[in-house]
Structure formats: C-alpha cells, structure tokens
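Chains as they are written, first to last, in the working numbering: chain A, 26 to 278; chain B, 26 to 278; chain C, 26 to 278.
No lab work stands behind these hints: they were computed from the structure.
Note that the structure is predicted; figures quoted are calculated from it, not measured.
Among the hints, a few may not be true.
Distance condition first, Cα-Cα at most 25 Å in a straight line; then the derived BS3-like pairs of lysine-lysine [unchecked claim]:
1. Lys180(C) to Lys129(B)
2. Lys106(B) to Lys122(B)
3. Lys60(B) to Lys87(B)
4. Lys151(A) to Lys180(A)
5. Lys180(A) to Lys60(A)
6. Lys266(C) to Lys60(C)
7. Lys106(B) to Lys151(B)
8. Lys266(C) to Lys122(B)
9. Lys180(C) to Lys236(B)
10. Lys266(C) to Lys180(A)
11. Lys122(A) to Lys106(B)
12. Lys122(B) to Lys106(A)
13. Lys204(C) to Lys129(B)
14. Lys154(C) to Lys60(C)
15. Lys122(C) to Lys180(A)
16. Lys204(A) to Lys180(C)
17. Lys154(C) to Lys122(C)
18. Lys204(B) to Lys180(B)
19. Lys60(B) to Lys129(B)
20. Lys204(B) to Lys106(A)
21. Lys236(A) to Lys154(C)
So these bits of chain A aren't anywhere near chain C, every CB distance computed over 10 Å [as the list claims (entries may be wrong)]:
22. Arg30
23. Glu41
24. Val105
25. Ile181
The calculated label-pair distances, taken between Cβ atoms and stated as ranges, are [to be verified]:
26. Arg85(C) to Arg176(B): 53 to 63 Å
27. Glu56(C) to Arg176(B): 23 to 33 Å
28. Glu167(C) to Ile165(A): 31 to 41 Å
29. Glu117(B) to Leu222(C): 22 to 32 Å
30. Met26(C) to Gly191(A): 38 to 48 Å
31. Arg116(B) to Ala242(C): 14 to 24 Å
Note that beta-carbon positions come from the ideal geometry of N, C-alpha and C, so glycine has one too.
Spelled out from the first residue to the last, the chains are:
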Amino acid sequence: MFEARIDASVLRECIESITAVVDEGRLRIAEDGLKLRGVDPANVAMVSFELHRDAFDDFRFKSESGGESAAAAEVGIDFVKLRGIIEIGGREEVDLKLDEQAQKLFTRMGSLAYTISLLDPSALRKEPKVPELEFPVQVIIETEEFRRTIRAAEKIGDHIMLGVDGEEFYMQIEGEMDKLRLGLRKEQLIHLTPGTLHSLYSLDYISAMSKGMSHAANITLNLGKDYPLQIDFEVAEGKGKVSYLLAPRIESE
Amino acid sequence: MFEARIDASVLRECIESITAVVDEGRLRIAEDGLKLRGVDPANVAMVSFELHRDAFDDFRFKSESGGESAAAAEVGIDFVKLRGIIEIGGREEVDLKLDEQAQKLFTRMGSLAYTISLLDPSALRKEPKVPELEFPVQVIIETEEFRRTIRAAEKIGDHIMLGVDGEEFYMQIEGEMDKLRLGLRKEQLIHLTPGTLHSLYSLDYISAMSKGMSHAANITLNLGKDYPLQIDFEVAEGKGKVSYLLAPRIESE
Amino acid sequence: MFEARIDASVLRECIESITAVVDEGRLRIAEDGLKLRGVDPANVAMVSFELHRDAFDDFRFKSESGGESAAAAEVGIDFVKLRGIIEIGGREEVDLKLDEQAQKLFTRMGSLAYTISLLDPSALRKEPKVPELEFPVQVIIETEEFRRTIRAAEKIGDHIMLGVDGEEFYMQIEGEMDKLRLGLRKEQLIHLTPGTLHSLYSLDYISAMSKGMSHAANITLNLGKDYPLQIDFEVAEGKGKVSYLLAPRIESE
C-alpha cells in the first residue's frame, strides 16, 4: 500500500532530475521514502535518486508481502509520460496512489486524475551497481555558473574538460577554431580541494544533466584524473538528493 | 457600403475564433452586424459566428442592391491572411471599409493600410445548414479548466470522451498505457444538467477549438449520447457569440 | 597591441548590427576605434560599421608595424561565433585582447575566457569600395514603426517599395491577393525631404537589417529613384554608427 501527497512543483523537479539521464526506471518505495537508480541506454551515465518521506505532505506505505527483505515495493515507471502530465499542474498538490494488484499508479491534481500503467520491472534494465569510486577532488560551485558555461560550451564543441590546477577549478572546451575556458579560484567557489588533475567528458550528457539540476542552488563535482565525474545536488529543499555519474572520455592524441 | 471601426484586440479574438475551424469563409454583413457560418474541409466541424454592431466603435452599413432579400452583403474572406496582419496591431483601432465594386476589403491600423482582395463567394463552400439538434445536457465550465485538460490530453491520445454521470461532468482520454480523467461535480461547475450519457470526439478538432475560445471566461458544452458536441461562448465582451459543432466519433469495440 | 574593455550588451548590439549583413569580416583596429566594411555573399547589401574608442571603458592600441600606412591592425573575425558566446554574458564587462602573433582574439567575461582564432584576412573578401551616391531624399523614422511594418510585410510578399510622395513617406508591399501600405506624413516623421520617387527592394535583406537596428531609437533612410537604399543609425549610445546599403530591385512590368 502506497499513498502520498506532494507539491506538484517539487514532484516535477524530482522527475526532471531523473529524466535528465533515463526515460524510465524502477522506483523503489519504502517506509522512509523513494529511491531509484538507473543507467542510460549507452551505459555512460547513471542517476541515483533519493527522496525522503519528509518531502511529502502525506506519506503512507505498508509492504504487501510480509517478508523482511521485501519491505519495499519496486515499480516500473515511464517518467517521461509522468512528467508530461505533472507539467500541467502549477503549484497544486498531487495525490499519488499505487495499486500493485492492477499494476497502476494513480495521480490526482485537483479534479484531474491520471492513471499510468506500471512497466514490468523484469522488462526494465536491472538496477545498476554503483562502482566503488574514490574522488581525490571535490568542487562545490553555484549551479548557475556551471550551467551558463555549459550553454556557452554547446556552441563550440562536443567534449568538455573538467579539472583543477592548484587552487583553480576549470572547465575547458576546444573547437576547431576557438576555445572556451571557465577558471574559478578557490575563493570564487564554495569549496575546492586543491590538486592537479583533469578528465574529459561528453558534452551531450553534461548538457542533459545540467537541465536536471536547474532547481538546485549549488552542485558538488567529484573529480579524478581520467576518472568518472560524480555530480551531487539536493532536490525538494534538501529532503531529496541526486547523484549523476558519468564515464570519462579517453583523450585521443 | 460598409465602414466600421473596432479595437484590434477584439477583432483578433473574433478572427481567431473563426480560424479555429475554417481558414476562409463567407462573411455576411448586415445592418445589425456580422455573421458567418463555415464547415471544415472534412465536414466534421462547424463554426457559427455572430458579432453585433455594438462591438464596433463605429458601424455603418447600407445595402447596395435595394432588394429586400439582399439586405446583406456577402463577402469571401481569407481569415488566416487577415489574422496575420491584425496580429501586428496591439490595442490600436482598426478601420474597416468594404469596396464591393473592386471586391476589396480595406483595413487600416494607424498609418498602416492593408488591402485584401475578397474571395469569390461562389468559389467558396456554401454556407452549411445548421442541423436541428436537441441536447439533453448542458454543462457550463471555466474555459481555463477545459483548456488545461485538453493540453494534458494531447500528450496521451487521439480521442476524448465527454460525458456526465449523475451530477458529475467528465472528460476522459485513454492511451495505450495510461488514462486521464477530469471529473467535476455539479458544485465545481457553473451549471450542470444531471444525466448519464457520453460521446467520443476527435481530439485534434477540440484542440483547435480550444485555441479559438481562449478569450472567453466560460464555455457552454451541449452534450448528448453518441451525439454531436456544441460549444457556445461569447466574444467581444458579450457583443458577439460563437458556436462550434463537432461530429462524434463512433466508439469501436 | 590591442586591449579593451566594453559592456557586453554594447558589444552584442554592435555585433548584431554587423551579422545582419555578413557572418565574417575584416575588422580594422586603430587608435580612434574600430571599423568594418563588408558585403554579403550575393553583393546586394553592404554594412559599414564604426565604433569610437569612447564606447569602451578602456581602450589601448599600438601599431606593431611602425610604418605610417600600417597604423591600423586588420583582423579577420567570425562574428557569428563571437556573437554566440557574447550572448551568454548579461550586462557584464567583456575584456578583449588581440594576439597578432598567434592570430588569436581573447575575450573574457568574468571567469569565462573565450579564445577565437582569427580568420586569414587574405581569405576573406576584400573590403568593398563605397560607391559614390547622392540621395535626393532623407527620411528619419522611429525604428519600431519601421520594424513593425517589415514584420507585417513578411506575411505578404517578397519585395517592398520605399518612396516619398509629396510630403508623405510610404512603404508598400503587394502580394498576389493583398497589399500593405504604411503612409506617414511629414509631421508623423522626425524628418522628411519632400519629393516624388520610389525604389523597390528585396524584403529578405531589409528583414535581416531590421534585426540589426533593433537597439536604435531612430533610423535615417536615404532614398532615390530606382536607387540604392542607405539606412543609417547609431549604436553604443551614439558612440558608434552603422550604415547599411542595399541595391534596388528592378521593377518588372
């Protein structure tokens, strides 16, 4: 049994953070809230999403199968479809109700009821394992500064380098004729671990991710040398958190 | 002889209510105002439009052929072209002047004069007869509630069911995987005739119509069982009225 | 040596006035400011651009080759690329720095550095000669009135006639079925030389130009009989000026 109520704009922010990486996925519903982990079809990007029950105005969950290991429900959801409908609601409340028997999720915004059939979890990709990673460097940056640089980068090239050089964090894009570089010193950032390393990433993925983080004030970039990038940020006013993981590109030369 | 002056935004609202169904049509000009009736090329939708002379800041008409039956001028107008020009004018006044001899309509907005050749009425479709219809149920609803549901429906399916179930009015769309339903009880509506009936309509037509009604605060839905839908609303602050008529789809099953 | 600082919105306005006619061009940098002259690929339109050093918050230039005739640097710039990046900057300051050795232009907006390779001037079209023209008629008109008419004209035809008839200035477009005409009497204009003449121009070019002039309050139209059109306006709050020159179309009849 799962029934909950949440602000439409909070739910939209959450769904947008997920659809920046995957269109559909297995949502795990448990007593303490919602969780999801998904990888994009090319196995290049991963999203980990958690939303605590406190983000809801009302949250009720009871496991239907009594067993201990089954203290969570796992449901397959087409997030792109759900996003389409939630966009219509402004700052209204959304009521959610799961019918596991019928394999339906009911949502209600005022007088508008939307029923979506659940996807068969066995037909969806398995929940990925999160690789064990250690990031030597962390950078905390204002989201808008990061997103603005990504928007400029899209006009120039396909790949973006993220790195630190001493006490400076930089983002760098090279096109055929031109080069864009954002350089921020430690005092212009919220946090920086000094170091000397960089990695190259596909801009398409970071562009998509930058749309998913638009409601967060700050993001944390976890960096290594020719290493995956992990971007962490909060949703739902701190009651939820999202991590994106992106594989590096090998620099050709 | 026809000469008139009208607010550009009122004229735009009127033209948009017409172009929601037809691109061109036969406008009848008489002493008490303007009238038009047209059907879409597929014969599925009809628009009836009336604008009283009081909607004009100035309105002068005199029949050129003295005969009694000819106490109106009938002119063929390309409304899509006319709309394109009127959109440029903000809240300016538009002067209209008909030259039946030259078969031209002159419009003037400030210093900008626009002359459009009339279409030959004999080349246009004949004015349709309005079928005699009796609608057992009337529902009066806020336009924005209706339009919002249509916008959500467009993301899901091709057909929409409109019906009443006791004291509830509903709009329902079923996609392959999902279902959207707006349900409004009598007290949430401006008016409802209780009953039990529904009809299915093509969403494309209702979507187009919903753009034509965007300036009206309320619309009246006239419903029957597997029956045409008639939507009535006012334009020009009550000095004009528009009716859309839409043939039902036969439910396959 | 060239180093300068300028408001991003002023620089954007300047670049947009150039890209209305050419994508790339030879920018001449001298002690008193910047100059550019370019023709479009079809040899139909020309832009002449001048920006005085006073438009800059800081402006330093020293010729590298000591010769007298070489008291200016000539650099080939892809203005469309540069515009793309400058659009990202709001009302920030932009720092410009030329490296003639490396054939690069450095721009910096806050922490964002953009380096663009210069185009080889010898690969660009030669700077056109400005033909000697004498315009019998001058009209000074509010830019917005002109641009609004162009927007309406785009819905009707491909050519536009500009002319004066006594003390009236007019713009006229004839489509297959319709005709648009703006007529402004002397007292509705900022200035008018009375006369009787007109010329026909390609609307595509004037549409592009009308985007380049959007920041100017007024424009001066220099007209003749079947003669080129010259449009003059100011940029950078009077510290720069732009002239567009457009060849007439021969009226077929």
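Comparing the hints with the structure gives:
no. : hint                               : verdict
1   : Lys180(C) to Lys129(B)             : holds (18 Å)
2   : Lys106(B) to Lys122(B)             : holds (17 Å)
3   : Lys60(B) to Lys87(B)               : holds (16 Å)
4   : Lys151(A) to Lys180(A)             : violated (36 Å)
5   : Lys180(A) to Lys60(A)              : violated (35 Å)
6   : Lys266(C) to Lys60(C)              : holds (10 Å)
7   : Lys106(B) to Lys151(B)             : holds (21 Å)
8   : Lys266(C) to Lys122(B)             : violated (43 Å)
9   : Lys180(C) to Lys236(B)             : holds (21 Å)
10  : Lys266(C) to Lys180(A)             : violated (29 Å)
11  : Lys122(A) to Lys106(B)             : violated (49 Å)
12  : Lys122(B) to Lys106(A)             : violated (51 Å)
13  : Lys204(C) to Lys129(B)             : holds (10 Å)
14  : Lys154(C) to Lys60(C)              : holds (14 Å)
15  : Lys122(C) to Lys180(A)             : holds (21 Å)
16  : Lys204(A) to Lys180(C)             : violated (40 Å)
17  : Lys154(C) to Lys122(C)             : violated (29 Å)
18  : Lys204(B) to Lys180(B)             : holds (11 Å)
19  : Lys60(B) to Lys129(B)              : holds (18 Å)
20  : Lys204(B) to Lys106(A)             : holds (11 Å)
21  : Lys236(A) to Lys154(C)             : violated (49 Å)
22  : Arg30                              : holds (39 Å)
23  : Glu41                              : holds (22 Å)
24  : Val105                             : holds (29 Å)
25  : Ile181                             : violated (8 Å)
26  : Arg85(C) to Arg176(B): 53 to 63 Å  : holds (56 Å)
27  : Glu56(C) to Arg176(B): 23 to 33 Å  : violated (59 Å)
28  : Glu167(C) to Ile165(A): 31 to 41 Å : violated (50 Å)
29  : Glu117(B) to Leu222(C): 22 to 32 Å : holds (30 Å)
30  : Met26(C) to Gly191(A): 38 to 48 Å  : violated (29 Å)
31  : Arg116(B) to Ala242(C): 14 to 24 Å : holds (22 Å)
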